[in-house]
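Residue numbers (this note's numbering), protein chains in the order written: chain E, 1 to 52; chain G, 1 to 455.
If you are wondering where the hints come from, they were derived from the structure by calculation, not from laboratory data.
Careful: at least some of the hints might be erroneous.
What the hints assert, rightly or not - Heads up, simulated DSBU-like pairs for lysine-lysine below, C-alpha to C-alpha not over 35 Å straight-line: (1) G:Lys228 to G:Lys184; (2) E:Lys4 to G:Lys5; (3) G:Lys248 to G:Lys228; (4) G:Lys443 to G:Lys30; (5) E:Lys4 to G:Lys444; (6) G:Lys8 to E:Lys16; (7) E:Lys8 to G:Lys75; (8) G:Lys337 to E:Lys48; (9) G:Lys201 to G:Lys184; (10) E:Lys48 to G:Lys75; (11) G:Lys337 to G:Lys184; (12) G:Lys321 to G:Lys396; (13) E:Lys4 to G:Lys396; (14) E:Lys8 to G:Lys321; (15) G:Lys302 to G:Lys444.
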Amino acid sequence: MDAKKHIKTVTGRILKETAEKGGCGGCRASCQSACKTSCTVANQSCEKQQNS
Amino acid sequence: MKNSKIHKFAKDGGYFIIDPPSGSAHISDKLAFDMLGELEPPLPENTPERVYGIFGGFSVSEIDECYGELYGLYKGGALFSGDGDCRRYAEAVSAAPLKALCLHVSHDCNLRCGYCFAGTGGYGGERTLMSPETAAESIDFLVRNSGERTLLEADFFGGEPLMAWETVTAAVDYARSREEEWGKRFKFTITTNGLLLDDEKIDYINREMCNCVLSLDGREETNDRIRKTLSGGGSYGAVTPKFQKLVKNRNKPGFTDYYVRGTFTAYNLDFSEDATEMARLGFRNISIEPVTAPDDRPYAIKREHIPRVFEEYDRLYSIIKNGERDINFFHFNVDLKGGPCVIRRLRGCGCGGEYAAVTPEGELYPCHRFIGAKEWRSGNVSRNGLSREKRDYFAKTHIYSKTGCADCWARFYCSGGCNALSYERYGDARATDGESVECRLMKKRLECAIALNAV
Ligand code: SF4
Ligand code: SF4
Ligand code: SF4
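In isolation and in its complexed conformation, chain E is listed as follows (with noise of 0.2 Å):
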């Protein structure tokens, strides 16, 4: 981690860069709704990042 005192970053800007090369469409489908499992979408694994 940084040499911060006060505030300490843990991830830091990782969906900026992801615009411009994102949305392939590659990773998988998720539902958001408790009537099947709803998944955070921020959980999703991108398929593009996998396969690279």
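Knowing the structure of chain E, use the given hints to seat chain G with the ligands on it.
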């Protein structure tokens, strides 16, 4: 700058700060946490004069040091970053090819669960099973509409899919036999109540289904109060040993995912006990969902239950954090360091576009939960595809067009919630209310997930 709000919360002695659009997560001390509450973008380079007054108990150098750190993150785009181009991306997305199809192989069920959203299997219509021919046509339909995609998903759902076992295996065997020729690869999943499981089905599921969802509500008394057999008895005793056997034998590489999935209602607000019971039974991957039901049902989770449910999530958080039980609780997972791209996060499920559901008769709907609402019927697998109009509508249903989401801190984690629920509740698939029961529970679970994963 619009939507540049950050979200901060204290939990379990820690101070957490989230900058939603950049995906940044920080842990801070109390001074930085409180100071952030006093700041509004754009931030000046030097500590604003009034900040010294507010934090009078601290030395000037300490305040400057703390402000300097916050300012550095702000300049680096990790605090108050704003949604920037995301809105533009959201407007530009068009309907994508189909990637996942939910096959309702059975609109019938061999249980009579009190809270069933599917009208105990029939979705308000007749009790029917899908024929193997319609299942094969559905697979063809999926392939035909999948464009360049190579990885496709088919999900066996119901009702109870094991009641149409012949159809399930016919669909899987058919798809597998043509995977190569089509240049596609299939991932199958199934959701079952377990009653009809036997050794042969367990083997098949563990060999062919990359994920399976096993329905059980936890403790015997919780389960049997609602999950009843046709004769009115409880189902716990019949299904639990079968699920244990399935999970014990689930070890083929790439096919190990499973979830034991329960529901909590107003009857078991102490559902951390149900999670603990599941863990005791040998299940590690656990999901317990709030029941979705109109407020007039005695088991509904209502606004007045929220504080009690929050307490229970906190209890579950502690059980996991302290390692009392080895539980992988589905809703407390969040991949803070990776996860999907921002485009993927603009829309959650892809219903009506990348994802659709097909009834036993081959009729298409935007997703399983729209089935039964005839106004959403959208073609048939043997004739024509999903209507263009509905596909476009859902492509444009995203966190900026859903009413409550654009200002919600959870927007890039939750991605706008369930469109079908919005339609059921408000008559508009794009209506959301961040103060509704489901949104408040979603945000609470996310805080637990962030706190668990940020350390
Ligand atoms: S696979 Fe990755 S890059 Fe492609 S849409 Fe999904 S999250 Fe985005
Ligand atoms: S929690 Fe509710 S308001 Fe927030 S993004 Fe999800 S659906 Fe929208
Ligand atoms: S609309 Fe709701 S039920 Fe349908 S796929 Fe999306 S999240 Fe799931």
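Okay, the hints, checked on the actual structure:
1. G:Lys228 to G:Lys184: Violated. Lys228 (chain G) to Lys184 (chain G) sits at ~40 Å, over the 35 Å cutoff.
2. E:Lys4 to G:Lys5: holds (22 Å)
3. G:Lys248 to G:Lys228: Holds. Lys248 (chain G) to Lys228 (chain G) sits at ~25 Å (cutoff 35 Å).
4. G:Lys443 to G:Lys30: Status holds; Cα separation ~22 Å.
5. E:Lys4 to G:Lys444: holds (28 Å)
6. G:Lys8 to E:Lys16: holds (20 Å)
7. E:Lys8 to G:Lys75: holds (15 Å)
8. G:Lys337 to E:Lys48: Given pair Lys337 (chain G), Lys48 (chain E) holds - Cα atoms ~15 Å apart, limit 35 Å.
9. G:Lys201 to G:Lys184: At roughly 25 Å apart (the allowed maximum being 35 Å), Lys184 (chain G) and Lys201 (chain G) satisfy the hint.
10. E:Lys48 to G:Lys75: holds (29 Å)
11. G:Lys337 to G:Lys184: holds (30 Å)
12. G:Lys321 to G:Lys396: violated (39 Å)
13. E:Lys4 to G:Lys396: violated (41 Å)
14. E:Lys8 to G:Lys321: Roughly 20 Å between the alpha carbons, so the hint for Lys8 (chain E) and Lys321 (chain G) holds.
15. G:Lys302 to G:Lys444: holds (15 Å)
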